[in-house]
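Trainee: If you want the building blocks of each chain, they are given just below.
2 protein chains.
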Amino acid sequence: MYRAPIEEIAFTLKQVCGLGDIQASERHADLGDDLVEAILNEAGRFAAEEIAPMNVVGDRKGTIFADGKVKAAPGWRDLYHNWIEGGWNGLTATPDYGGQGLPMMLSAAALEMWNSGSMAFALGPTLTIGAVEALEKHASDALKETYLAKLISGEWMGTMNLTEPQAGSDLNALTAKAERAEDGSYRISGQKIFITYGEHDLTDNIIHLVLARLPDAPAGTRGISLFLVPKFLVNADGSLGAHNDVRCAGVEHKLGIHASPTCTMVFGDEGGATGYLIGEENRGLACMFTMMNNARLAVGIQGLGIAERAYQEALSYALERKQGRAPGDSGPAMSPIARHPDIKRNLLAMKTRAQAARVLCFACAHAIDMSHIAETEEDRKFWSERAGLLTPLAKALPTDFGVEAASIGVQIHGGMGFIEETGAAQYLRDARIAPIYEGTNGIQAIDLVTRKLPLSGGEHIKAFLGELAGIIEGVAASNLPELGDMAIHLTEALRDLEEATAWIMTAQAEGRMADALAGATPYLRLAGLTFAGVLLAKGAAASDDGHKAARDQRILLARTYTFTLLKEVAGLKADVTGSSEVILAFDPEALAS
Amino acid sequence: MYRAPIEEIAFTLKQVCGLGDIQASERHADLGDDLVEAILNEAGRFAAEEIAPMNVVGDRKGTIFADGKVKAAPGWRDLYHNWIEGGWNGLTATPDYGGQGLPMMLSAAALEMWNSGSMAFALGPTLTIGAVEALEKHASDALKETYLAKLISGEWMGTMNLTEPQAGSDLNALTAKAERAEDGSYRISGQKIFITYGEHDLTDNIIHLVLARLPDAPAGTRGISLFLVPKFLVNADGSLGAHNDVRCAGVEHKLGIHASPTCTMVFGDEGGATGYLIGEENRGLACMFTMMNNARLAVGIQGLGIAERAYQEALSYALERKQGRAPGDSGPAMSPIARHPDIKRNLLAMKTRAQAARVLCFACAHAIDMSHIAETEEDRKFWSERAGLLTPLAKALPTDFGVEAASIGVQIHGGMGFIEETGAAQYLRDARIAPIYEGTNGIQAIDLVTRKLPLSGGEHIKAFLGELAGIIEGVAASNLPELGDMAIHLTEALRDLEEATAWIMTAQAEGRMADALAGATPYLRLAGLTFAGVLLAKGAAASDDGHKAARDQRILLARTYTFTLLKEVAGLKADVTGSSEVILAFDPEALAS
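Line by line, the protein sequences are chains A and B. For reference, each letter of the first sequence is one residue, going 1 to 593 in the UniProt record's numbering. For reference, each letter of the second sequence is one residue, going 1 to 593 in the UniProt record's numbering.
Hints listed in this document are in silico derivations from the structure and should not be mistaken for laboratory results.
A pair counts as met if it fits within one copy or between any two copies, since identical chains are not told apart.
Calculated lysine-lysine pairs in the BS3-like style (CA-CA distance at most 27 Å, straight line):
1. Lys322 x Lys177
2. Lys71 x Lys61
3. Lys538 x Lys548
4. Lys14 x Lys538
5. Lys137 x Lys177
6. Lys538 x Lys381
7. Lys150 x Lys137
8. Lys381 x Lys462
9. Lys14 x Lys381
All chains, full assembly: derive it from the sequences and hints.
Mentor: What follows is the structure, encoded as C-alpha cells:
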C-alpha cells in the first residue's frame, strides 16, 4: 500500500523550494494554491489507487518478447491509457499542442508519486516527455505538427536511442549511420542497445529519437545528428502507414524494473529506416542534451520515489511485526519491532533519505522553472547555471539514497525481506539502475567538478555557497530551541564544503585534473549532503501552517539528519583533500599482468 | 573467473592475525608452514576450478521443488561429492570421527574461497559443520557413534531448525513441541521456516537439529530443548530405515542464493517425528549457541568471499571495457575504464572492503582457536571473551562490506551491471542475505553493546582498546615514510572509539539502556572500522617476505583505507553520542494513526 505524502510534498514545494517564485511569474499567474493542491491530490490518488497496485504485477510478469514484439505486463495497457486520459502525460508540455504548460516543480511532485507507485511505469512517460522537449525546442514546424500533439497526449510514446555496445558513456564512439535521401529525409542504420520502452504494445506508434552520423560528419561528438524515426511512418492525414525499417531484436533480462522493456533496436536491416532530422546536421548532441538534462532530474526523482515507497512499506511492516521486548515495554507480549531503538534508527535513516532527496529534486526543478520564466538575460544565465549546478546533485544523491533506503528496508524486514513475495527486495532491485543510467553517478560527479564548478569563472558556486550561509544564518536567527544545535552542525558542514570546493578548484586551476577527478565522487556527496541539510533546516525553521504534528516531524527529521547523514561530511572532506595521491598511485593494469 | 588470493590470505593469517600462535601450540604441532600452504593452494584450486564455474548455473537454474522433494541445480550433486571426497567437509572436526582437527583459522581461509566460488554452495556445509560442532560438544556417545562420522565426511548433511513464523529473532516465542516417548526418544511436531538446505538430493540422509519445547518446559528460552531428527531413521547397522515424519512443504523464492534451498519443514504431521535429545532437556539454547557463534563467523566470511569475488570481476571488466580518455592518456584510442580516477576509487573501495573483512574474520577465527588451545583457565576465559567480542564485528561489518562491494561492482559495470547475464548483479543479490541471517546486523550490534562490552566488568574491552593502542604505537615506531600519517589517523580513530565506548558504557551503567541501544549500530561499525584499520596498518608495516609488489599493494590499500572508510569514524562517534535523543523521540505508532 502507498499513501501519497501530499502534505509533505506541498510544504516542500512552497516553504522550502520556492514554488511561490514560480506562481508569482506572469507565465504561471493562473497557478493558485487551490490548483496546486487539486493537482497534487488527484496525482496522489491516481498513484496510490491505480499505479501502486500494479507494481508487483509488472515485476513478476515483466514483459514478454516474441517475434520482434513486446507484450506489456497484464493490466499495464489499461493503466497507461487511464493515466494519459487523466492528462498527466502533458503536464509541462506546451499548450500549443495540447499540453498544460505547468511548471517543472509540479511535474516533479507528480513524478515522485508515479515513481512511488511504480518506477517501471513512470519511466516510460519520462522518455516521452524528453522527446517532447527536444521536439518543442529543436524540431521543424512540420515535424511538430505531425508528432507533437500525439506525444503530448501520450497516444504515442517516445524513446531515446543513444547507447551502442561500444558507446555508452562515451558518445565519441557512436557509429550508427544516417544517409541523406532525395526527399529530404534520411536513411538510418545501426544497432542501439539499452533502449527503454523501445518496443511495446502500450501505444500504436513509437517515436524513436536516434543519434547517428552522416557520412561526411566530423569525428567525435561534433559529428552527431539527431533523427526522429517513427516505428510506423505517418501519412499526410495523420494515419499510420508502413512499418519503418526498425525492429526490436530482443529485451534484456534485468535485475529490476522488469515491466520496463529494455530493448536492442536494429535500424536499417532492409536498406535504412526513414528518419527526419531534428535541428541541424551535426548538432544532435545539443538537442539530446535538452532531453538528457531534464531526464537526469527525472531519474533523481526515481530515487526519491523509491525511498519514500520503501520507507512506507518498512514502516508498515515494523508496526505489524512483533519480536522481543522494546525498552520501556512491560508485560509478556512481544513489542512491534518499530518500538526497538535500532529499528527506529533504520526507519529514520530511510525517511531522512526520502526527504533529503525530495528537497534536492524540487530545488533543481525550481531552478529549471526559474530559467524558463527569467525575464532578463542575466537572470536566465543565472538560473540556467543554477539548474546546471543542481542537476548532478539531484541526479546522483537521490538515486544513491534510493538504493540505500531500499536496502535498509530489506534489512528491517529481516528474513522476510529476502523473500520476493514480500516486495521489499523489488524496491532494491528496481532502485539499483538509477545510479547508473542517464550518466552514471561517477559521471555526474565529473560533470559537477569539471563543468559546473567553473561556471562563470567560479563565481556561481561561490554565490551558491554564500546563499547557503545566508539560510543557515536565518535558521540560527530563528532562535528556536527545538532546533538544538542544528545551525552549528550546518556551519561546520558548510566550512568543509567550502574547503573541499577550494581544494578541487585549485587542483583544476593548477592543471592537476586527475587529482580533481579522484575526489569527484566524495565531493558530490559532500556538496549534496550539505545542501540538503540546509534545506531541511530551512523547512524545520518554517512555521507550522497550523499543523503542529507535521512540523514536529520535520524538526525531528532535520535533527536526525544533522547527527547522521550530515556527519559524513567531515570524513568526505578528508577523503577529497587527502586521498588523491594514493588513488592515482593504484595501477590496476599492473595487477592483471 | 576467480583467482584465489592465496598470497594475501597466507600473509593475513601469518603476519596479521597470528596463525603462528596456533602453530606453536601442542595441539597443532604438526601444522607447519608447508602444510598450511599446501592446504591453501589445494582449496584455492578447488574453489577456482570446480566451484566458481558452477555459481552462475546455481543462480539461473536454482533448485526445483515438487512433491516434497528438492532437486539441486544441474551438476551440483557431482560438485558436492567431489568436494567431500577432497576431505574438505571435516577440516576442523575431531579426528576421533574422521575429521582433520585443523584450526578454525585455516577453515576460515578455505571458507573464504568456497564462498568466493559460490556462496550458495558454501552455505550448505557451513550448516553441517555447525551440526557437527553441536554433536561433538553436547551429544551422547550413542548419537555420536551413529551420526558424527557421516556428518564429518559429508556423506550426510546437517541443518539448523530454529525459526518459526512468529519466532525469528525472538526464540522466546518458539512453539514447536517435543513429547517423551517410551523408548527414550521424543516425538517432534511443528513447523519451521527458512531452513537452509532443509531438503535436497545432494546426500542420502539429512540430519535436522531442531529446537522444540517439552510439555512441562518453563516458558521462554529456558524451556527449549535441542533434538536430532534424521530425515531417514538409521538402523542399528548404520543403514537407512524408514522415512521419518518430517517433510518439506515448500521452498522460498528468494532475491539470491537460488541454489541454496530455503525450506519450510513440517515435523510430525503423522503423529510426531522421531527425535533424539542432544544435551539436557531445556538446555537446548546453550547447544544451539555452540552452532550459532561459529555460524556467525561463517556468515561474516560469506561477506568477505563475495567482496573479493565481486572485486575480481569488476577489476577484470574495468580492464577490458574502454570508454573516454583517462587523464594522461593521449591518442585517439579510448582508455580502459580502470585508468579513470573515479573507477580506480571504486575498485579500491571494493578491495579495501575485502581486505578489511578478511582481517576481521581471521582475527575472530584466531580468538576461537586460542580459546580451544588455551592451557589455563584464565587464558581460556580471556580468549572466549575475545572471541565473543569479535564475533559481532566479524559477522556484521564483513556482511555489510559484502553488500557494499557488490553494489559498487554493479556500478563499475555501468548498464551491463544491471543485466543479469553479466553476473555482477548476482553478487549483490546473494550478498544481501548475509547482513540478515544468523542474527541481523542490528542484533549483532545489540549483542556487542549489551553482552560483550560488559564482559569481565568492562575490563575486557578496555584491554582490547589498549592492545590496539599498542599496535598503533608499533606502526608509528616503524618509522616507515611510505606509511604516511597512518598512525596519526588511527590514533584519532581510536580516540573516537574510546569516547564512544565510554559513552555507551556510561549509558548502560546509568540504566539508560534505550540510549545505548539507539547507538548500537553506528557503534559496531565504528569499532569494526577502527579495529580493521589497525590490523591493515599492522600488515602494511610488516616486512615484505621478499615480495615487494605485494607489500606495496598492502600499503596502498591501508593508506586508501585511512582516507576513506576510516574517515567515517568521527561521524559515527558523533552519531552514537548525539543522536539517541532524537531517535528515541521518534514515535512510528503515532504516524500510523
